[in-house]
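Trainee: As they're listed, the protein sequences go chains A and B. Under full-length UniProt numbering, think of the first position of the first sequence as 1, with each following residue one higher. Under full-length UniProt numbering, think of the first position of the second sequence as 1, with each following residue one higher.
Certain hints may be false.
[Stated by the list, open to error] Restraint-style ranges between C-beta atoms, simulated for each label pair: (1) Ala-29(A) <-> Ala-122(B): 38 to 48 Å; (2) Pro-231(B) <-> Ala-147(A): 41 to 51 Å; (3) Gly-140(B) <-> Arg-227(A): 47 to 57 Å; (4) His-260(A) <-> Val-144(B): 53 to 63 Å; (5) Pro-231(B) <-> Arg-79(A): 37 to 47 Å; (6) Ala-200(B) <-> Asp-409(A): 31 to 41 Å; (7) Ser-221(B) <-> Asp-277(A): 44 to 54 Å.
It is worth saying that the hints were derived from the structure and are not from the lab. Don't be surprised by glycine CBs; every beta carbon is placed ideally from N, CA and C.
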Amino acid sequence: MSTQTRGTAAERDGRPLLQVEGLTVEFDAREPGEPRTVAVAGTSWSLRAGRVTALVGESGSGKSVSAMAVLGLLPRTARVGGSIVLRRDGDGVRAGDDVAGVELVGAAPATLRAVRGAVVSLVSQEPMGAWNPVLTIGGQVAEAVRAHRRVSRGETREQVRALLLETGLTDPDRIAAAYPHQLSGGQLQRALIAMALAQDPVAIVADEPTTALDVTVQAGILDVLRRLRDERGTATLLITHDMGVVADLADDVVVMRDGHVVEHAEARDLFAAPRHDYTRALLDAVPQLGVTAAAGGSAAPSDPTQAGAPAPGAAVESPRGHAVSADTAVSADTAAADPVVRLDDLRVTYPGSRGRPPVHAVDGVSLTIERGQVLGLVGESGSGKTTLGQVVAGLLRPTSGRVVVAGTDLADASRAGQRALRRRTGVVFQDPASTLDPRWTVARSVAEPLRLHTDLSTEAVRARVGELLDAVHLRPELADRYPHELSGGQRQRIAIARAVALDPDVLVADEPTSALDVSVQARVLAVFRELQARLGFACLFISHDLAVVERVCDRVAVMHAGRVVESGTSAEVLARPREAYTRALIGAAPVADPERQAERRAARAAADA
Amino acid sequence: MTLDHADELVAAPSSPGAARPARRETWWRVLRRDRFAFTGLLVVVGYVVVALTAPLFLGWLGVDPYTYHLDALDENGAPAGWGGGISAEHWFGVEPLTGRDLFAIVVMGSRASLAVGLGATAVAVLVGATLGVLAGYAGGWVDVLVSRIVDVLLGFPALVFMIALGAIIPLRFPHSPRILILVLVIGLFGWTSIARVVRAQSLTLRSLGFVRASRGLGAGSGHIVLRHVLPNLAATVVVFATISVPGAIGSEAALSFLGVGVQPPTPSWGRSIGDAVTWFSSDPMYLVFPGLALFGITLAFNAFGDGLRDALDPRAVRR
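Work out the full structure, taking the sequences as your base and the hints as a guide.
Mentor: Structure follows, in structure tokens:
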């Protein structure tokens with residue numbers, strides 16, 4: 001194998017390995033008569049050996065479609081135009097030949113099949129879904145090794161071992177014998193890269209390779225991709241929406257928007273001096289640790305007494321004014337003194353199934369949220385933060401421990417008491433696709449809490465819905481739309497409007513923006529902060545994104561394996577973390593700045609060594 | 001304090017009808033425009049009207065399903081003449097051996113068949129959807145119990161049991177109406193598959209954001225099941241129901257064929273089809289006409305059900 005020499009040779013002559021010229025992709029209209037959807041409108045870019053080219057853009061920008069066009073994996077309804085030329089000498093077939101190469105647009109299926117895997121390989125987004133659950137990892141990698149050539153059994157086993165080792169899996173024999181469900185997401189993604197390398201491809205297409213992973217795991221995967229570039233000279237097409245990942249790995253960046261390339265530059269230049277407005281907007285929208293607070297962007301009030309008082313001239317007023325007044329007046333008095341949420345040695349244990357030990361999802365957590373305060377709960381997947389949120393929202397009964405929300409002890413409360421409590425708590429969930437009932441209009445969804453807990457007239461409900469939509473900066477016409485007609489950001493804002501409809505004391509927001517594009521996330525967070533300042537509810541804000549938490553939260557609690565390992569004000573915890581785990585979390589989150597990212601990487605490597 | 005402010009807001013942007021575009025289409029309008037589905041609905045309605053008015057209708061035409069016309073038969077007992085004895089007098093020909101008017105038998109037979117088909121489906125859907133939602137939404141021991149009952153019933157030789165019941169019940173309760181027995185027997189054995197599907201969907205729905213959000217808002221189980229879960233199950237249930245109507249008519253046919261369903265001389269499609277099987281080589285039209293009637297209602301129900309599902313779903317592409 002000429003793995004080592006190939007990269008240097010290709011770099012020397014400087015010609016691109018893959019040249020995309022005027023690529024267009026259109027999709028057939030779903031109904032005859034409608035115009036075709038243009039996904040990619042004439043883009044040109046190239047892939048070079050030993051370099052990582054990042055296609056960056058928000059959802060719908062055409063970045064994934066471009067990559068799938070390269071691999072010839074688009075659905076039948078797609079019409080591809082333009083040219084994608086793969087240079088042939090790169091794979092050693094016709095070394096030194098000056099023939100332009102293979103045209104992939106309109107190529108025969110057999111040609112594309114020969115290219116896929118052997119020349120260009122794909123690492124897809126969802127590591128769990130990419131594996132066949134009933135076959136071992138080793139078996140599936142071996143299948144890829146033997147896909148295009150005949151290899152003996154023993155040799156295959158050796159190759160699988162070597163590939164798994166190369167992707168940083170230190171225990172290749174155990175991994176090879178394991179089934180997908182027995183491995184973690186990071187291990188699966190590494191093995192997936194190993195499989196992509198099985199044919200010794202000259203290029204890898206990595207489609208959002210780390211989106212589904214935790215930051216600490218993400219850092220490892222990015223390291224693997226970087227090593228492939230440096231050691232094998234693999235050309236990498238990185239598709240991502242995450243500017244931090246781009247800064248960490250990319251050499252060249254292609255910024256896409258609505259099927260067009262808006263900017264194409266070297267990563268260093270792009271981050272240092274973005275030329276296009278959209279690139280600038282995209283970079284500005286990325287929340288960065290330590291930046292927002294300094295710029296005075298944090299509007300979240302830290303003084304609970306101030307936050308508790310409604311802002312003058314607020315458009316959103318409590319519906320309690322004409323619903324129930326005596327009851328809330330009492331609770332307001334008591335709540336002013338006590339924290340709105342108090343958790344005391346909270347434990348949630350799921351019984352282990354079939355002889356496995358029980359899972360301690362939340363393992364002795366005590367924390368409080370003052371009135372008008374936003375507490376950020378951060379941690380990686382499986383740390384128990386969502387479980388904790390469900391307990392506070394009253395959706396899950398704790399195994400033991402005390403939960404006091406707005407002066408009511410959840411354990412003591414009667415059914416009616418719990419119901420009454422829920423009108424003072426609001427919930428916002430992560431997935432904008434399922435947060436609204438697809439068969440309900442927006443108005444009906446927003447009005448649901450009003451209909452459940454108040455006896456307002458139809459007119460009054462309608463008016464209140466209008467106010468709430470206005471409060472989250474949505475046009476009143478949206479009231480009669482159905483969720484599928486809205487964008488993810490709009491849906492999430494409607495979910496927020498529904499959650500605050502009854503002017504709750506406590507809001508539980510579980511990753512409310514993590515499924516959204518950065519620019520949309522910025523708007524939703526702005527709406528959230530504005531509402532919080534105006535209505536003064538206390539909030540448990542669950543997120544894995546430290547920068548987002550810094551933007552909206554007064555205090556932060558870091559969860560790890562069911563316990564709170566560190567808590568304090570946002571400034572304290574995020575700027576001067578005491579715990580090693582917090583430091584690791586902060587260190588692993590990529591920053592949208594290649595220079596700083598390189599420094600951080602070096603620091604991390606030094607710390608590891 | 002808030003009322004004045006609120007009133008202002010009502011008046012301006014969201015006064016009913018004024019600022020908003022034309023009212024959203026109702027499911028009925030959508031269904032109206034789906035020609036295939038609407039034709040299906042018309043055919044179903046036509047069948048039901050004919051079945052309800054069968055005695056009047058046949059009386060008006062001057063035929064009835066009970067009178068023997070031995071003159072219309074040949075010496076072997078088969079209908080004389082072309083196509084099973086089709087003539088101006090007997091539109092669908094006559095029944096072999098008896099010479100009764102086949103048109104009258106098919107029309108009159110729709111009463112028993114539709115009653116059993118619709119009735120048994122109603123029972124099956126009611127039981128299946130209720131238990132399915134209960135199992136899927138409540139979970140726990142309810143789920144275990146319902147799922148085990150479904151397993152047992154699915155593993156049961158249902159037809160044998162139905163035959164046995166169909167034979168025993170009339171002996172124990174001589175005056176019970178045969179149709180009602182058929183409805184209950186077929187319905188109570190036919191709910192298992194719908195319960196399974198509904199259970200699985202309820203399980204999925206239970207974990208979706210809007211259901212959890214609703215619970216978080218303090219909604220009771222009743223509200224969630226009625227307002228969120230059931231409407232989202234509607235498509236499944238509607239399609240299942242329209243598919244099971246022909247199935248239930250088929251079961252009626254099977255039971256009547258085996259002699260434990262509708263008793264002679266009451267006509268039913270199932271009994272006619274059952275009898276016709278033995279005459280198929282000499283008199284194929286005896287099988288064709290009741291068969292066509294069954295085929296027609298099956299097709300109509302499926303077309304209607306498909307269209308209704310689309311019409312009920314706001315996400316479906318509007319044509």
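Trainee: Against each hint, give a clear statement of whether it holds in the structure.
Mentor: Now the hints, each set against the structure:
Distance hint for Ala-29(A) and Ala-122(B): a CB-CB separation of about 41 Å, consistent with the stated range 38 to 48 Å. Here the CB-CB span from Pro-231(B) to Ala-147(A) is close to 47 Å, well matched to the stated 41 to 51 Å. Distance hint check for Gly-140(B) and Arg-227(A): the Cβ-Cβ separation is about 50 Å, which falls inside the suggested range of 47 to 57 Å. Distance hint check for His-260(A) and Val-144(B): the Cβ-Cβ separation is about 56 Å, which falls inside the suggested range of 53 to 63 Å.
Between Pro-231(B) and Arg-79(A) the beta carbon distance is about 38 Å. The supplied range of 37 to 47 Å therefore holds. Checked against the hint of 31 to 41 Å, the pair Ala-200(B) and Asp-409(A) passes, with Cβ atoms roughly 37 Å apart. Under the hint 44 to 54 Å, the C-beta atoms of Ser-221(B) and Asp-277(A), about 51 Å apart, fit the expected range.
Violated hints for the displayed structure: none, as all numbered hints are satisfied.
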